[in-house]
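In case it helps, full-length UniProt numbering puts the sequence shown at residues 1 to 451.
Check each hint, because a few of them may be wrong.
[Said to hold, decoys possible] Pairwise CB distance ranges (calculated):
hint, residue 1, residue 2, range
1, 431, 256, 55 to 63 Å
2, 272, 236, 33 to 41 Å
3, 256, 173, 20 to 28 Å
4, 173, 145, 37 to 45 Å
5, 386, 37, 21 to 29 Å
6, 291, 249, 36 to 44 Å
7, 445, 402, 15 to 23 Å
8, 431, 79, 38 to 46 Å
9, 335, 401, 17 to 25 Å
10, 31, 115, 33 to 41 Å
11, 247, 148, 36 to 44 Å
12, 170, 226, 50 to 58 Å
13, 103, 26, 46 to 54 Å
14, 252, 395, 21 to 29 Å
Please keep in mind that the hints were generated in silico from the structure rather than gathered at the bench. In this text, all values refer to a predicted model and were calculated from it rather than measured experimentally. Note that beta-carbon positions come from the ideal geometry of N, C-alpha and C, so glycine has one too.
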Amino acid sequence: MKSVIRSLHPDAIFFLYEEYPIIDQPLMYNTWLDELKQSFPFIYAEKLKDGGACRKGISQRIEDIMSELTKRGGFYVHENTLLTPTVSKIRNTRKVKALNHKTGHGFLMIQKGLRFGEQYQENIDCEDNSQATNNFHAYCVNIADGIHPKDIWESDTRFGELARWAAYGETSHQRPEPDYRELTPSIAHYVWIGNGKMDYTFYLSVLSVIYVAKIDKVFIHGQQPTGPYWNKIKGHSKIKVIDRYSKVYVFGQSVRGVSHRSDIWRLDFMNKYGGLYIDTDVIFVKPLTDYLRAFDAVMSYDFTTGTMKNPYPDKFQSGVMLGKKGSKFWKEFMNTMRKYRDDLWSWNICSVPYKVKERYPKTILCHNRLQVGFPLGKCHPTWWLNYKNSSIHHLSTNSIPDWRNDAFGYHFFGGGSPPEFCDEKKTLTSKTMFGEMARHVLKEASLLKIN
Numbered sequence: 001m002k003s004v005i006r007s008l009h010p011d012a013i014f015f016l017y018e019e020y021p022i023i024d025q026p027l028m029y030n031t032w033l034d035e036l037k038q039s040f041p042f043i044y045a046e047k048l049k050d051g052g053a054c055r056k057g058i059s060q061r062i063e064d065i066m067s068e069l070t071k072r073g074g075f076y077v078h079e080n081t082l083l084t085p086t087v088s089k090i091r092n093t094r095k096v097k098a099l100n101h102k103t104g105h106g107f108l109m110i111q112k113g114l115r116f117g118e119q120y121q122e123n124i125d126c127e128d129n130s131q132a133t134n135n136f137h138a139y140c141v142n143i144a145d146g147i148h149p150k151d152i153w154e155s156d157t158r159f160g161e162l163a164r165w166a167a168y169g170e171t172s173h174q175r176p177e178p179d180y181r182e183l184t185p186s187i188a189h190y191v192w193i194g195n196g197k198m199d200y201t202f203y204l205s206v207l208s209v210i211y212v213a214k215i216d217k218v219f220i221h222g223q224q225p226t227g228p229y230w231n232k233i234k235g236h237s238k239i240k241v242i243d244r245y246s247k248v249y250v251f252g253q254s255v256r257g258v259s260h261r262s263d264i265w266r267l268d269f270m271n272k273y274g275g276l277y278i279d280t281d282v283i284f285v286k287p288l289t290d291y292l293r294a295f296d297a298v299m300s301y302d303f304t305t306g307t308m309k310n311p312y313p314d315k316f317q318s319g320v321m322l323g324k325k326g327s328k329f330w331k332e333f334m335n336t337m338r339k340y341r342d343d344l345w346s347w348n349i350c351s352v353p354y355k356v357k358e359r360y361p362k363t364i365l366c367h368n369r370l371q372v373g374f375p376l377g378k379c380h381p382t383w384w385l386n387y388k389n390s391s392i393h394h395l396s397t398n399s400i401p402d403w404r405n406d407a408f409g410y411h412f413f414g415g416g417s418p419p420e421f422c423d424e425k426k427t428l429t430s431k432t433m434f435g436e437m438a439r440h441v442l443k444e445a446s447l448l449k450i451n
């Protein structure tokens, strides 16, 4: 439909249907039609009587479409057909027939009052997207099912160019570019709600941010932590507690639960201040680079499975977010909270930002080594082939051969931290990768005591 809008600049689009497209509740990924109706004001949805052409065989369906089109005039375009900019050259043609009689794909065009089958009819073939080479200049392309925006962002094919033109209004690759004129500020943000005790993992995380990631200032938003580990670092010159009212509203909606309140706050931080947001169970093992800090926004994909229950091609892991204040991605991300859902665990903060990426692909860098997740004690690196397969993890593959260089941060969520991050004594004696990570942080902070 966007290719029709861009190529024909129509006065109206009639969307004829037997059953109106169902939005995949509750995750609401396929909202394309409703979004298009908000951006193009002249879309008219009309329900076909008795199923209309949809229930009939292709030949009869085409005849019915041709009959209806002669009454109205204009174009008929199959839902799997992309019109190219070249199609505007045949607007003055009396009649054009470009339908595949085996599949029904393609388009028809006729001036009102004329009938198909008479003289002055031009017959055109649409090509399949797999055949759209760099020398391809046809009027239309038939698109295969199952294509997502990510499939066209950096495609070097002629079809990729046409699809980007239709989706984004330009043929160039849709990828973010670094801007070294202004780097992401060297500040970090944590959320801590409820005056709870700082555990050993949180303690190591703060040390890693200051001494390993080389961040200049750490802000803990919410309430001041308590406990012996907090007492060790509370006087550090780079740490500051920012007291915030713990009851949170977003666009007039009450936000319940600590995790969801944290979701809203972290977006507020990125919009107001920029910098690095981190969950309290993330350990950094190497410094952030100027390359990463040169992008407006940076996040990593999350380990997830794409199923009918989860239609998203990917989703983000929001436990680490890096970027410049007020960038377009953070603003659009915050705008999605107008439809905030309190009943879904990660939808607002992990799934929805992927939709922002699909609509504005140049606004955020997806860098899968910014962090790597360790849900339930198993690392699922999203740079690994078939990473959505739950059986693919660091214990079943050689996906983490060098933890010091394989990722910037390691995120221990979904089942607690490893024993080495829960007990200071185990940190010093463990021979595991986790023990090495913890000792690495303590060494960089000049706190490693070796007997």
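For each hint, the structure was consulted:
1. For the pair residue 431 and residue 256, the supplied restraint of 55 to 63 Å is violated, since their beta-carbon distance comes to about 43 Å.
2. Separation of residue 272 from residue 236 is about 23 Å and departs from the stated range, judged on CB atoms against 33 to 41 Å.
3. In this structure the supplied range 20 to 28 Å is violated for residue 256 paired with residue 173, their Cβ-Cβ distance being about 41 Å.
4. Roughly 24 Å separates the CB atoms of residue 173 and residue 145, a value that falls outside the hinted 37 to 45 Å.
5. For the pair residue 386 and residue 37, the supplied restraint of 21 to 29 Å is violated, since their beta-carbon distance comes to about 37 Å.
6. Distance hint check: the CB atoms of residue 291 and residue 249 are about 37 Å apart, consistent with the given range 36 to 44 Å.
7. Between residue 445 and residue 402 the Cβ separation comes to about 22 Å, which falls inside the hinted range of 15 to 23 Å.
8. At roughly 59 Å, the beta-carbon separation of residue 431 and residue 79 lies outside the given 38 to 46 Å, and the hint is violated.
9. A hinted range of 17 to 25 Å is violated for the C-beta pair residue 335 and residue 401, which are about 41 Å apart.
10. Between residue 31 and residue 115 the beta carbon distance is about 39 Å. The supplied range of 33 to 41 Å therefore holds.
11. For the pair residue 247 and residue 148, the beta carbons lie near 39 Å from each other, so the given range of 36 to 44 Å is met.
12. Checked against the hint of 50 to 58 Å, the pair residue 170 and residue 226 passes, with Cβ atoms roughly 53 Å apart.
13. The supplied range of 46 to 54 Å is broken by residue 103 and residue 26, whose beta-carbon atoms lie about 34 Å from each other.
14. For residue 252 and residue 395, the hinted distance range of 21 to 29 Å is not satisfied, since their beta carbons lie about 46 Å from each other.
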